[in-house]
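Just so you know, the protein sequences line up as chains A and B, in that order. Quick note on our numbering: the first sequence kicks off at 21 and runs consecutively. Quick note on our numbering: the second sequence kicks off at 5 and runs consecutively.
What the hints contain is simulated information worked out from the structure, not anything from laboratory work. Owing to the predicted nature of the structure, the values given are computational and were not obtained by experimental measurement. Here a beta-carbon is modelled for each residue, glycine too, at the ideal position from N, C-alpha and C. Among these hints, one or two may not hold up.
[To be verified] Interface residues of chain B toward chain A, partial, derived using beta-carbon atoms under 7 Å:
1) Pro43
2) Gly45
3) Gly46
4) Ser49
5) Met52
6) Leu53
7) Gly56
8) Asn99
9) Leu101
10) Phe103
11) Met110
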Amino acid sequence: DTAVSQTPKYLVTQMGNDKSIKCEQNLGHDTMYWYKQDSKKFLKIMFSYNNKELIINETVPNRFSPKSPDKAHLNLHINSLELGDSAVYFCASSRDSLLEAFFGQGTRLTVV
Amino acid sequence: KNEVEQSPQNLTAQEGEFITINCSYSVGISALHWLQQHPGGGIVSLFMLSSGKKKHGRLIATINIQEKHSSLHITASHPRDSAVYICAVSDNAGNMLTFGGGTRLMVKP
């Protein structure tokens, strides 16, 4: 059973489109994260949610909006996609913020 | 200068060699994480530690809080250890926030 699953794994879309990436965890964790890995493989945190509440929102354009319908899901919606949004996006979860995180397999987003 | 620095950036070793990857950080932390990213892209958490030393199989992680330094050691390295190893630190609230640039390890048979 996949602990943290992201869909889709690959996403190719045109500039200006709106797209969503879904993340679900079946571990019963309270905290979920979105990270962005750029072309140089550098990981940066984007958002962190604890029990459906946003607790971290790093400097991310307003075009990115996380949505947490329940504790097990943290979806990432991106409006008006730009070329610079091309990256691999990772979802992760942890039981609480002080314990190790489990990562999804990543979503490779390519904006053309 | 990044708040979390790793060295080396790239490392090539022969199978069986002892490997050390270093991580230095300049911020206050509650914990330090070592992650492994395989060529396929998936990320796995190897260790989370806030003091001392942890061992799992052939992997050993140490941290020196006073010196703000951690090392990841791999004993008897194997080609399947080839991956990118990433150091990350959690802030005092425990959120995994800041990542090193990664160390790309290749172990040759």
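For each hint, the structure was consulted:
| no. | hint | in the structure |
| --- | --- | --- |
| 1 | Pro43 | violated, 12 Å |
| 2 | Gly45 | holds, 5 Å |
| 3 | Gly46 | holds, 5 Å |
| 4 | Ser49 | holds, 5 Å |
| 5 | Met52 | holds, 4 Å |
| 6 | Leu53 | violated, 10 Å |
| 7 | Gly56 | violated, 16 Å |
| 8 | Asn99 | holds, 5 Å |
| 9 | Leu101 | holds, 5 Å |
| 10 | Phe103 | holds, 4 Å |
| 11 | Met110 | violated, 15 Å |
In this structure, the earlier hints numbered 1, 6, 7, 11 are contradicted, and the remaining ones agree with it.
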